[in-house]
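Please model the complete structure; the sequences and the hints are all you need to start from.
From first to last, the protein sequence lines are chains Y and W. Heads up: the first sequence at position 172 corresponds to 171 in numbering that gives the first Met the number 0, and the numbers run straight through without jumps. Heads up: the second sequence at position 65 corresponds to 64 in numbering that gives the first Met the number 0, and the numbers run straight through without jumps.
Treat the hints as calculated values from the structure; they're not laboratory data. Do not rely on the hints blindly, as some may be mistaken.
Identical chains share a label here; the pair holds if one copy fits it or two copies do between them.
With a straight-line cut-off of 25 Å between C-alpha atoms, the simulated BS3-like cross-links for lysine-lysine are [what the hints assert, rightly or not]:
{"hint": "1", "residue 1": "LYS214", "residue 2": "LYS129"}
{"hint": "2", "residue 1": "LYS144", "residue 2": "LYS214"}
{"hint": "3", "residue 1": "LYS129", "residue 2": "LYS77"}
{"hint": "4", "residue 1": "LYS77", "residue 2": "LYS207"}
{"hint": "5", "residue 1": "LYS214", "residue 2": "LYS77"}
{"hint": "6", "residue 1": "LYS207", "residue 2": "LYS85"}
{"hint": "7", "residue 1": "LYS77", "residue 2": "LYS144"}
{"hint": "8", "residue 1": "LYS129", "residue 2": "LYS144"}
{"hint": "9", "residue 1": "LYS207", "residue 2": "LYS144"}
{"hint": "10", "residue 1": "LYS85", "residue 2": "LYS144"}
{"hint": "11", "residue 1": "LYS129", "residue 2": "LYS85"}
Protein chains: 2
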Amino acid sequence: MENDTIGIVVEATGSTGVLHQLTGVIARHRGDISSVEILDNRPEETRTYFEVVLPGGAEELLDDLRALPIVRGVEMVKTLQAIYGKRIIIMGGGAQVGQVAIGAVSEADRHNIRGEHISVDTIPLVGERKLADAVRAVARLPRGKALVLAGSLMGGDIETAVREVRNQGLVVISLNMAGSVPDAADLVVTDPVQAGVMAVMVVADTAKFTLERLKRRVF
Amino acid sequence: MENDTIGIVVEATGSTGVLHQLTGVIARHRGDISSVEILDNRPEETRTYFEVVLPGGAEELLDDLRALPIVRGVEMVKTLQAIYGKRIIIMGGGAQVGQVAIGAVSEADRHNIRGEHISVDTIPLVGERKLADAVRAVARLPRGKALVLAGSLMGGDIETAVREVRNQGLVVISLNMAGSVPDAADLVVTDPVQAGVMAVMVVADTAKFTLERLKRRVF
Numbered sequence: 000m001e002n003d004t005i006g007i008v009v010e011a012t013g014s015t016g017v018l019h020q021l022t023g024v025i026a027r028h029r030g031d032i033s034s035v036e037i038l039d040n041r042p043e044e045t046r047t048y049f050e051v052v053l054p055g056g057a058e059e060l061l062d063d064l065r066a067l068p069i070v071r072g073v074e075m076v077k078t079l080q081a082i083y084g085k086r087i088i089i090m091g092g093g094a095q096v097g098q099v100a101i102g103a104v105s106e107a108d109r110h111n112i113r114g115e116h117i118s119v120d121t122i123p124l125v126g127e128r129k130l131a132d133a134v135r136a137v138a139r140l141p142r143g144k145a146l147v148l149a150g151s152l153m154g155g156d157i158e159t160a161v162r163e164v165r166n167q168g169l170v171v172i173s174l175n176m177a178g179s180v181p182d183a184a185d186l187v188v189t190d191p192v193q194a195g196v197m198a199v200m201v202v203a204d205t206a207k208f209t210l211e212r213l214k215r216r217v218f
Numbered sequence: 000m001e002n003d004t005i006g007i008v009v010e011a012t013g014s015t016g017v018l019h020q021l022t023g024v025i026a027r028h029r030g031d032i033s034s035v036e037i038l039d040n041r042p043e044e045t046r047t048y049f050e051v052v053l054p055g056g057a058e059e060l061l062d063d064l065r066a067l068p069i070v071r072g073v074e075m076v077k078t079l080q081a082i083y084g085k086r087i088i089i090m091g092g093g094a095q096v097g098q099v100a101i102g103a104v105s106e107a108d109r110h111n112i113r114g115e116h117i118s119v120d121t122i123p124l125v126g127e128r129k130l131a132d133a134v135r136a137v138a139r140l141p142r143g144k145a146l147v148l149a150g151s152l153m154g155g156d157i158e159t160a161v162r163e164v165r166n167q168g169l170v171v172i173s174l175n176m177a178g179s180v181p182d183a184a185d186l187v188v189t190d191p192v193q194a195g196v197m198a199v200m201v202v203a204d205t206a207k208f209t210l211e212r213l214k215r216r217v218f
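Next up, the structure:
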């Protein structure tokens, strides 16, 4: 049987080295940390969230965390993976990002009702450098699965960034637009609402849609 | 002068205790870790992203991280805070979440062009328990500033969760709907597009809009 992932929130009194002490206790219990977030980081109080896969019981770990002098409280919580699930990220011009979001949110709703966990995240941005930075940063976001580029003209370093994140396993969908980004994308879709719907279908386990089985790349 | 936050991605060979070793080096340099993400967590390779405020220079820290036997590579990157900035989270029924997103994305576009960094994240969800869980989990998401509840009926434990996250400093906007959630929210807005616009105005430093100066709570 595979071990379940547990979520833990630890409150501690702040100073440098808090994370080092907490992760030391988790390492002693041979816990594999799959996710970590710093929720609060003030001198008087820090709150840290961990998702941990444990070979043994959770109670011993929680007790040992509570035994640290810096720790004020430890609480088990539901994991973010279980709640927010896979993420689709839409970026580009506000008008088009909004239309892609309409399609993606409606489609995610239909899959989430059947047990999927898909969230749709957006950021309206303008400019080659900002967009290229944001595309590269998607690879540093937890749970990111697909990226939709929504605009009328994107190329240059954005194209390079698209090729980089595709190599890291991200699916990239581009609106049909001017510039070289459509050439670099997995899929090119003209209608923004359909681009959002397709992005969700690509990542949903409840959908019968795989890129490999498509007979064309541009819609 | 305040120290800048630096972003670092560390590649290491995986085993339990990786995070403990990396944070130990950062603690020795008296680095204050403001954010951390586990990007990859496979036995043969882990990638971890840190945002750190350092009292001294970054190069010594990078060199000491590289000197760890488990570390394969260390790279400085732009911080997620600098790229994706503040987050607005919209949750509820797909049709309404999409309309709120239209308003929020268009408004965020206008502020981001003037130097703000606001992203708009959504999750379509149904059911009291799932929504209450997701509301409480917003407090565990990094950079979350405002929450918009978009639906036609929300109450019970969702109302309790709304009061909890408001106490933790989150701004909550509710659509005008049946159930007790509107009573618990900071602001109640009838038009979903306007609800999205107002959510962005509340968190944008580039907007002249503060909840305290409003003469009514329901629009």
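Results of checking the hints against the structure:
no. : hint            : result
1   : LYS214 - LYS129 : neither (33 Å within a copy, 38 Å between copies)
2   : LYS144 - LYS214 : within (22 Å within a copy, 43 Å between copies)
3   : LYS129 - LYS77  : between (34 Å within a copy, 11 Å between copies)
4   : LYS77 - LYS207  : neither (29 Å within a copy, 37 Å between copies)
5   : LYS214 - LYS77  : neither (41 Å within a copy, 38 Å between copies)
6   : LYS207 - LYS85  : within (17 Å within a copy, 35 Å between copies)
7   : LYS77 - LYS144  : both (21 Å within a copy, 21 Å between copies)
8   : LYS129 - LYS144 : both (20 Å within a copy, 22 Å between copies)
9   : LYS207 - LYS144 : within (17 Å within a copy, 36 Å between copies)
10  : LYS85 - LYS144  : both (6 Å within a copy, 21 Å between copies)
11  : LYS129 - LYS85  : both (24 Å within a copy, 16 Å between copies)
In terms of the numbered hints stated before, the structure departs from hints 1, 4 and 5, listed from lowest to highest.
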